[in-house]
Amino acid sequence: MHRKRGSVSLSEASGIFILFLGALSMVLPFLWMVSTSLKTYNEAFQVPPSFIPQVPQWGNYTEVLNSVPFGRFYFNSIVTSTAITLGQLITCSMGAYAFARLNFKGRDKIFVIYLATLMVPAQVTMIPTFIIVKWLGWIDSFKALIIPSIFSAYGTFLLRQFYMSIPMELEEAVRIDGGGAYRCFFQIILPLTKPALATLGTFVFLFFWNNFLWPLLVTNTTEMFTLPMGIQLFAGRFTAQWHLMMAASTMAMLPMIVVYLFAQKYFVEGIAMTGLKA
Amino acid sequence: MAKKVLALVLTALMAISMLTFATADSGKVDLRLFFWFDVTDLGDWQKTIDEFKTAHPEINVIIEGASWEQYWTKLQTQATSGSVADVFGMVSMYSQDYINNGVTLGLGDLMKADNLDPSMYYQAIMSAYSDGTQYHCLPYDMSTMLMLVNKDILAQCGVDFKPDGYTMDEFMAAMKKIKDGGYYGVNIQPKDWAYYDIMTRAGYNLLDDKGHLNLNQDGVIKTTQWMADLVKDGYMPITTPDLDLFASGKLAMTSVNPEWVSTYTKTMKANLDVIPYPTDVAGGKCVAEGGAWAIYSGTKHPKEAWELLKTLTSAKNAVSMVGASHRGIPPTTDEASKESMINSPYAVPHSQRYIDMLASSTRVDYPHRTEVETEMKAELSLIYTGEVSAADGLAEFQATADDIMNQ
Amino acid sequence: MVGGATRTKAYLKRHRNERLVALSFLAPNLIGFIALTVLPILATIYISLTEWNLLKPPQWLGFDNYLKIFVSKRFLQTLGNTAYYTIASVPVGIILAVFLAVLMNGPRKKLNTFFRIVYYLPVISSTVAVALIWKFLYADDIGLFSYFFSSIGLTAPKFLTSTQWSMTSVVIMSVWKGLGYNIILVLAGLQGIAPTYYEAAEIDGANGWDRFWRVTLPMLTPTLFFMTIMSVISSFQVFDQTKILTDGGPGFSSTSIVYYIYNLGFVNMKFGAACTVAVVLFALILLLSMIQWALQKKWVNYDA
Chain A
1 MHRKRGSVSL SEASGIFILF LGALSMVLPF LWMVSTSLKT YNEAFQVPPS
51 FIPQVPQWGN YTEVLNSVPF GRFYFNSIVT STAITLGQLI TCSMGAYAFA
101 RLNFKGRDKI FVIYLATLMV PAQVTMIPTF IIVKWLGWID SFKALIIPSI
151 FSAYGTFLLR QFYMSIPMEL EEAVRIDGGG AYRCFFQIIL PLTKPALATL
201 GTFVFLFFWN NFLWPLLVTN TTEMFTLPMG IQLFAGRFTA QWHLMMAAST
251 MAMLPMIVVY LFAQKYFVEG IAMTGLKA
Chain B
279 MAKKVLALVL TALMAISMLT FATADSGKVD LRLFFWFDVT DLGDWQKTID
329 EFKTAHPEIN VIIEGASWEQ YWTKLQTQAT SGSVADVFGM VSMYSQDYIN
379 NGVTLGLGDL MKADNLDPSM YYQAIMSAYS DGTQYHCLPY DMSTMLMLVN
429 KDILAQCGVD FKPDGYTMDE FMAAMKKIKD GGYYGVNIQP KDWAYYDIMT
479 RAGYNLLDDK GHLNLNQDGV IKTTQWMADL VKDGYMPITT PDLDLFASGK
529 LAMTSVNPEW VSTYTKTMKA NLDVIPYPTD VAGGKCVAEG GAWAIYSGTK
579 HPKEAWELLK TLTSAKNAVS MVGASHRGIP PTTDEASKES MINSPYAVPH
629 SQRYIDMLAS STRVDYPHRT EVETEMKAEL SLIYTGEVSA ADGLAEFQAT
679 ADDIMNQ
Chain C
686 MVGGATRTKA YLKRHRNERL VALSFLAPNL IGFIALTVLP ILATIYISLT
736 EWNLLKPPQW LGFDNYLKIF VSKRFLQTLG NTAYYTIASV PVGIILAVFL
786 AVLMNGPRKK LNTFFRIVYY LPVISSTVAV ALIWKFLYAD DIGLFSYFFS
836 SIGLTAPKFL TSTQWSMTSV VIMSVWKGLG YNIILVLAGL QGIAPTYYEA
886 AEIDGANGWD RFWRVTLPML TPTLFFMTIM SVISSFQVFD QTKILTDGGP
936 GFSSTSIVYY IYNLGFVNMK FGAACTVAVV LFALILLLSM IQWALQKKWV
986 NYDA
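Heads up: the sequence lines are chains A, B and C, in that order.
Following the working numbering, the numbering of the first sequence begins with 1 at its first residue and continues without gaps.
Following the working numbering, the numbering of the second sequence begins with 279 at its first residue and continues without gaps.
Following the working numbering, the numbering of the third sequence begins with 686 at its first residue and continues without gaps.
In case anyone wonders, no lab produced these hints; they're calculated from the structure.
Any given hint might turn out to be false.
Said to hold, decoys possible - To give a feel for the contact side, a few chain A residues facing chain C, derived at Cβ under 10 Å:
hint : residue
1    : Glu12
2    : Phe20
3    : Asn42
4    : Asn103
5    : Leu118
6    : Ile127
7    : Ala198
8    : Leu206
Small disclaimer: the values here were computed from a predicted structure and weren't measured.
Where is the CB? At the ideal position from N, CA and C, for every residue including glycine.
Generate the whole structure from the sequences, applying the supplied hints.
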């Protein structure tokens with residue numbers, strides 16, 4: 001099946017066309033968001049809606065930066081999300097390995113309990129969790145923002161599935177050589193699941209970057225606010241300053257795009273199956 | 279058995295948490311202040327707080343904020359775990375819940391010691407902050423609703439502007455002309471206390487002799503259906519305040535409190551003024567609600583908190599913060615307060631009207647109010663979209679509401 | 686398939702019960718898990734047996750809350766809303782994701798990267814910001830969608846202000862938002878399929894379509910299983926979008942069950958009842974997941 005270089009088959013072209021249409025729908029709301037961020041308060045509600053603001057209000061961005069300590073919010077969000085992501089990658093990859101490969105009594109039962117905990121909505125558990133965190137004296141500190149979130153049943157589940165789809169032969173080879181579980185884990189599993197780790201890492205970082213409910217409860221002073229709470233400050237009791245909120249939201253989104261651009265090249269690496277065929 | 283163990287554990291947790299509460303011994307007293315600041319609001323309150331800080335260098339005021347919606351979730355969470363701020367914001371719609379559940383500190387003794395006379399505030403609002411024997415909160419503003427009119431649109435459509443309000447017939451005629459001119463006529467789709475406001479002004483009594491809310495009465499049904507019909511006939515758009523047609527000059531009239539007025543006068547270039555709701559009835563009462571400050575019942579520094587509270591609810595604050603910025607009606611009865619609102623740079627020609635309304639105002643308070651209002655909002659939204667008639671909707675609502683209130 | 690399960694057992698049998706090793710792998714995960722996840726959940730169960738308004742100590746009620754729930758029409762309504770949401774959004778989301786991911790996995794690397802980035806944009810943004818934008822888009826008469834409809838001579842449905850459309854509008858927005866995330870998961874799964882399988886299939890004379898059905902799809906099943914379970918679990922817990930887009934309305938038609946829980950707990954101050962609904966919801970999701978788990982033997986390929 002060799003094609004001439006540079007020519008496109010019909011099925012490929014239609015595929016790309018479909019992707020383009022979808023991509024347009026993905027992007028449209030964001031164009032709107034950015035354009036609103038450059039409008040004045042009144043212009044934001046103009047009917048019919050316009051994409052190009054009459055006079056781009058770049059001042060909206062400086063107003064956001066000046067009226068709230070946005071830099072501090074950035075810092076808090078970066079520290080929190082990074083720490084949680086690293087913590088989860090470590091605890092979940094190890095835990096998932098135990099569930100996927102190691103044999104111990106009650107393994108599957110405990111795993112089901114893990115899954116079960118995902119099914120209780122956060123809105124109810126947050127009150128008891130808050131009481132526990134308060135008792136530990138962690139309120140209004142990074143500890144409260146980070147530590148409760150390091151343990152994730154979701155991440156464990158995701159990685160377990162990936163591990164289980166890796167053929168056993170590779171680890172058997174290590175075992176035959178006399179290696180133990182740790183060698184299997186570090187030499188074989190970890191390198192092979194880089195795409196999964198990158199995937200999980202991006203999800204976790206992103207989720208906690210936008211996480212709102214928990215930081216709301218455990219932070220009191222503005223110094224400890226994360227970005228989502230900072231954006232909410234522009235929603236007043238009766239009137240929300242949409243143009244400023246959109247500017248703040250755009251600024252909040254930018255680091256995520258950077259993170260994703262950086263991480264997504266790891267998705268490209270496939271599994272290296274050198275030297276071992278079934 | 280399990281229940282006892284768990285109760286024991288929770289008590290132990292609470293006890294330990296109180297023991298481990300460390301006060302930084304810098305000689306200063308730490309006072310936590312919690313409020314629904316938004317970006318502009320903090321600017322307004324900052325002046326008053328700074329003045330307090332200068333006058334009381336031995337007190338360190340720690341400011342904690344959240345947006346309006348999140349404030350209540352957070353307050354309840356903090357109340358559960360005994361970690362409410364020393365001084366916190368309150369509103370007259372929810373105050374009874376917190377007072378009845380012991381979250382607020384009774385201010386009777388403190389007021390007596392300082393000879394603070396509650397009659398410096400409008401009595402209209404004070405009943406919301408009392409537990410029957412003493413007050414638990416002091417107000418910093420009051421609010422009621424009026425119709426804000428874009429006079430330019432009226433002029434363009436050939437409608438006379440009547441500063442004292444329209445009768446129902448005049449109003450509907452105006453609506454037709456405005457619609458023909460290509461604009462939306464009015465936006466009033468109240469779903470909470472602003473709804474009570476319209477009804478009481480039309481002369482209806484919403485509370486029955488048991489003190490329960492009763493919306494299933496002819497007059498209320500008729501007025502509600504009138505509002506729904508305004509939507510049906512195209513005079514009223516169904517949009518939330520988020521999508522601000524008034525701000526973009528597509529809507530002729532909208533219902534507003536003083537804070538909304540200042541937002542519009544700040545951002546719009548049109549000629550604006552306030553008028554009463556259209557009615558054929560004279561002398562109806564308005565409903566007044568408002569904001570207040572309270573002290574946490576578990577505060578370690580009641581005396582310092584009281585000093586802060588007095589400053590935040592003083593006549594001075596009412597004049598310089600509330601009135602001057604037109605964010606509410608100053609709750610204090612002195613002349614300076616009244617004038618501050620009228621003279622505010624954000625006032626409209628008849629801002630005076632808000633204050634005049636207070637002369638005959640009432641409150642609509644009844645048991646389980648927040649729960650009933652959730653049902654009310656849902657039912658009203660169905661009525662306004664025309665999916666159910668006002669008669670059917672309100673009857674159904676009343677049945678549910680009666681169950682709730684009879685608990 | 687059968688071979689996979691037996692081979693796991695055989696593999697594990699060969700190695701002694703690795704309890705201690707397992708413990709060392711699990712320990713950090715397990716400790717925090719018990720303290721900060723299991724404990725609050727136990728507390729939730731306790732609270733569901735009480736009446737608690739958050740401000741005064743809880744009062745013991747026993748099973749009263751549970752009896753009330755099953756005759757509560759509001760509970761049944763929100764449960765129905767949520768079930769509809771799940772049934773509408775999960776299959777559509779996963780099928781679209783698989784379809785688009787396969788299209789994005791072709792030989793043109795630069796285009797693939799471009800699409801990956803663009804499709805992931807909605808996922809990157811906060812639900813709050815996105816919901817606000819969609820609220821504008823959906824608005825009657827003045828929103829962008831309404832504009833599109835009228836420009837081709839049709840009247841737009843009342844997306845957010847009619848009981849027929851409110852939940853569907855939430856579904857559409859949610860599928861849109863989650864698409865990039867699901868695509869990434871499928872792509873990661875696709876990357877994990879060894880090229881040898883494809884080569885073998887080609888040797889057997891399979892064309893593109895066949896390769897998809899005989900190699901890609903079966904090899905994707907562990908990923909799809911994960912996606913299905915997680916999507917169902919998270920769909921049953923939908924909250925933010927319903928709150929911001931429609932505020933649960935009009936008249937509770939788009940109130941999800943978690944929004945109902947939030948309302949019970951933090952608006953009506955009935956935290957006992959809120960926990961009761963949460964426990965019932967939990968039991969329901971658990972049941973669904975157990976069913977899915979049991980069915981996994983039928984369609985999921987491990988180490989084929």
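Now for the hints, and whether the structure bears them out:
Interface hint at Glu12 (chain A): satisfied, since its Cβ lies 7 Å from the closest Cβ of chain C, which is below the 10 Å cut-off. Interface hint at Phe20 (chain A): satisfied, since its Cβ lies 8 Å from the closest Cβ of chain C, which is below the 10 Å cut-off. Annotation: Asn42 (chain A) was flagged as interfacial toward chain C, and the flag is violated, the nearest CB pair being 14 Å apart, outside 10 Å. This hint holds: Asn103 (chain A) has a C-beta 4 Å from the nearest C-beta of chain C, less than the 10 Å allowed.
Given hint, Leu118 (chain A) at the interface with chain C, holds; its Cβ is 5 Å from that chain's nearest Cβ, closer than 10 Å. Proximity of Ile127 (chain A) to chain C holds as hinted, the smallest CB-CB distance being about 7 Å (cut-off 10 Å). Below 10 Å, beta-carbon pairs count as interface contacts, and Ala198 (chain A) has one with chain C at about 8 Å; its hint therefore holds. Evaluation of the Leu206 (chain A) hint against chain C yields a held restraint, the C-beta minimum of about 6 Å falling below 10 Å.
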